[in-house]
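Protein chains: 2
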Amino acid sequence: MTLQKTNLSAQNSELYAQLFAQTRLAQHASRLLANASSDSKNAALQQMAIQLLRHESLILEANALDIEQATARGMKQNLLDRLTLTPARLQTIAAGVEAVVALPDPIGVTLASWQLSNGMQMEKRSVPLGVIVMIYEARPNVTVDAASLTIKTGNAVVLRGSSDALRTNRAITKALREALQHSHLPIDAIQLVEFTEHEAVDYLVRMNETVDLVIPRGGAGLIQSVLQKSTVPVIETGVGNCHVYVDSEADPEMATRITLNAKTQRPSVCNSTETLLVHEKIAPDWLPQMLTHLHEHGVELHGCERTRALAPQLAIIPANQDDWATEYLDLKLAVKIVADVEEAIEHITNYGTRHTESIVTRSEETAALFLQRIDATAVYHNASTRLTDGFVYGFGAEIGISTQKLHARGPMGLQALTSYKYIGYGNGQIVQ
Amino acid sequence: MTLQKTNLSAQNSELYAQLFAQTRLAQHASRLLANASSDSKNAALQQMAIQLLRHESLILEANALDIEQATARGMKQNLLDRLTLTPARLQTIAAGVEAVVALPDPIGVTLASWQLSNGMQMEKRSVPLGVIVMIYEARPNVTVDAASLTIKTGNAVVLRGSSDALRTNRAITKALREALQHSHLPIDAIQLVEFTEHEAVDYLVRMNETVDLVIPRGGAGLIQSVLQKSTVPVIETGVGNCHVYVDSEADPEMATRITLNAKTQRPSVCNSTETLLVHEKIAPDWLPQMLTHLHEHGVELHGCERTRALAPQLAIIPANQDDWATEYLDLKLAVKIVADVEEAIEHITNYGTRHTESIVTRSEETAALFLQRIDATAVYHNASTRLTDGFVYGFGAEIGISTQKLHARGPMGLQALTSYKYIGYGNGQIVQ
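First to last, the protein sequences are chains X and B. 1 is the number of the first residue of the first sequence in this note's numbering; add one for each residue after it. 433 is the number of the first residue of the second sequence in this note's numbering; add one for each residue after it.
Quick caveat, the hints were computed from the structure, so don't treat them as lab data. All of these numbers come straight from a predicted model, not from anything done at the bench. Careful: at least some of the hints might be erroneous.
Derived Cβ-Cβ restraints for the label pairs, each shown as a range [what the hints assert, rightly or not]:
hint, chain 1, residue 1, chain 2, residue 2, range
1, X, ALA368, B, ALA757, 50 to 56 angstroms
2, B, GLU631, X, GLN415, 38 to 44 angstroms
3, B, ALA652, X, GLU194, 56 to 62 angstroms
Yeah, the Cβ is synthetic: ideal placement off N, Cα and C, and Gly gets one too.
Take these sequences, add in the hints, and give me the full structure.
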């Protein structure tokens, strides 16, 4: 039955069967974990931090082998950096697990209670989701993050990291599973998928019988691939084509500070700004100096004709449709002069990815229009798009930033990993 | 680009293009509707009720033609009944729309507000989802329900009903769109898909660029088909293999009343009970008479060996694995005697579909164990499984009953058709 469900050929049914068995183990573990007390889950998290440091040498040795192999394969420097663990980084990761202990347990909370007209007392109580599959790239810190947040929320996790980090992930999950064992929680609540076959992902995302949620974390290609194949619910994360709109009534200095921060503070992340929109009234006075600043910060500029005319000395590259639609994730910025806030809203509606959009203006009225009309995860008045972040928001944790509208939108804290059930306390109620 | 996304052959690209254009119109309308006031949305709902009655003769004529054709095609009586409209039924449907007016508007609500450590004031505000595709069977009342609830929540809806109800749906949506026009809301917020090709569904559920949510309503086949093909988020509704567990400490009379209600009050719906589990201590005294009652109510009984031995005169059909797993949706009941609440929980965990599960017992302790351990949308102590319903719950509306854990679980009221966005009011905040 399960094989039929997948609509996939049974050519590698052995792989399928092994993966299915792994998710089944996770499901059994999740049922035990759903009933675990906050104290026992927190004790397990404490142990996870301890075991990570106890296993330091094994983890770092495994990581060194992964790095060696990745280097030989020609992995880019920025990706190598994300793969690399050091004693200091492991300390930070372990401290991150400990920080999760201090967060309130979102499970078993009475979210609402009321009485029905038939006298039945109702309770809406938060519960875990069950089994969560994480599909991600060669970032060992995600392995620990995902495991600690899922255990805190009473879920089991099936980790499918990149094959480039397999040795590191194996060493890390060994430590984490030992921590569960020490704490008398089911070790199968943390599963590492060691199969490097690409089919493994295709199979996992169609195991509706045992998997409750798939979270892909990585580039647009990875996310799209999962979305195309999954029959299990997916939370889409990541792609952000964010804008800063500098209104005619903007405070020029604030606009400069926000634009520089939104573009250059960390250009490789999803909440950095990719296009700057400038009201035509403020452009002649403000934009030339802004463009010079950006140029000095090493930003490659792509501009509309009017923008280019304002700073001919910078040899700004002519912007085309692709520039408006592209998430550069790099020190590149598209710049467009617009007639008014309406044109800015229209541009963002057409090209944005509903992640984070910001307006800089002194006008409360214009700001209110922008904040109401823009359809995005986060809309800001006089602030950098870079602020969209679970830690900045005070959630104390972040599983990712959802760019979809269902279930969880924006920075996802612990609550995003919960569901709820209705409990009815009756005394014989029936339907008439 | 869009055609590539679907991974479908372009053999019917004309159909695809037309459907895409329809969802694009819905998307444009949804953006206007997202900013409509509660008053204007309510005025439109009032108009919808008025126009439905004004169009009565056209709607009933169209319905008569649909019924004639469906009868000729050999449609079953119970399905014909669901397709049939009468003046009285149309009155009820119009009254249902008016009832939605009275419900609070769930859009534009401040769900939370707080200040970040950097001083930025944050607001989490409810917003519409956008464009919702409904895929459903030959039930004209669903056309009106879906349209009224989506307009109330500021969403646009694309309706894909059964071809058996096409004439009726056409007449109804004509009335509803006229109501929008009268109220100066965008008529394209209600779209009827008139293409009867099966491919139309396959295309619609992959239009991620223009569609935010797909809700399939109907049998398991329809829902599974949508789930298998959709890349747009889906809310799974409907399948309910529900249980009543009669504990050793049950009040016998209450257990009888609840069991009869749960099985016989309306056996064709998802929250009716399909399997009765009985504690072995109460079975000899209570079960024989219960089985006789059920038999007298025309219920076909499938029982375990011990159940059959308790009522040999009823010639109970031997139950097999399939009986435990089947949602009969009919006057049929599987009956099993279990050793204790643990076995009942295990049976429900193995065979249930996480819809609604009920325990009948006087023991608070046993009830608490059952309510905590059972993973289902709704768990009841001393009440009929039939109570899982948006109206019974007091939601004032029901789009369906979600059997998944993400976004919305259980009876879905207006809130299930909403998302939220984060709004940040800053004074120059950047990330350090």
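For each hint, the structure was consulted:
At roughly 55 angstroms, the beta carbons of ALA368 of chain X and ALA757 of chain B sit within the given window of 50 to 56 angstroms. Taking 38 to 44 angstroms as the suggested C-beta distance range, the pair GLU631 of chain B and GLN415 of chain X conforms, at roughly 39 angstroms. Evaluation of the 56 to 62 angstroms hint for ALA652 of chain B and GLU194 of chain X yields a failure: the beta carbon distance comes to about 35 angstroms.
In summary, the structure is inconsistent with hint 3 from the numbered list given earlier, while agreeing with all the others.
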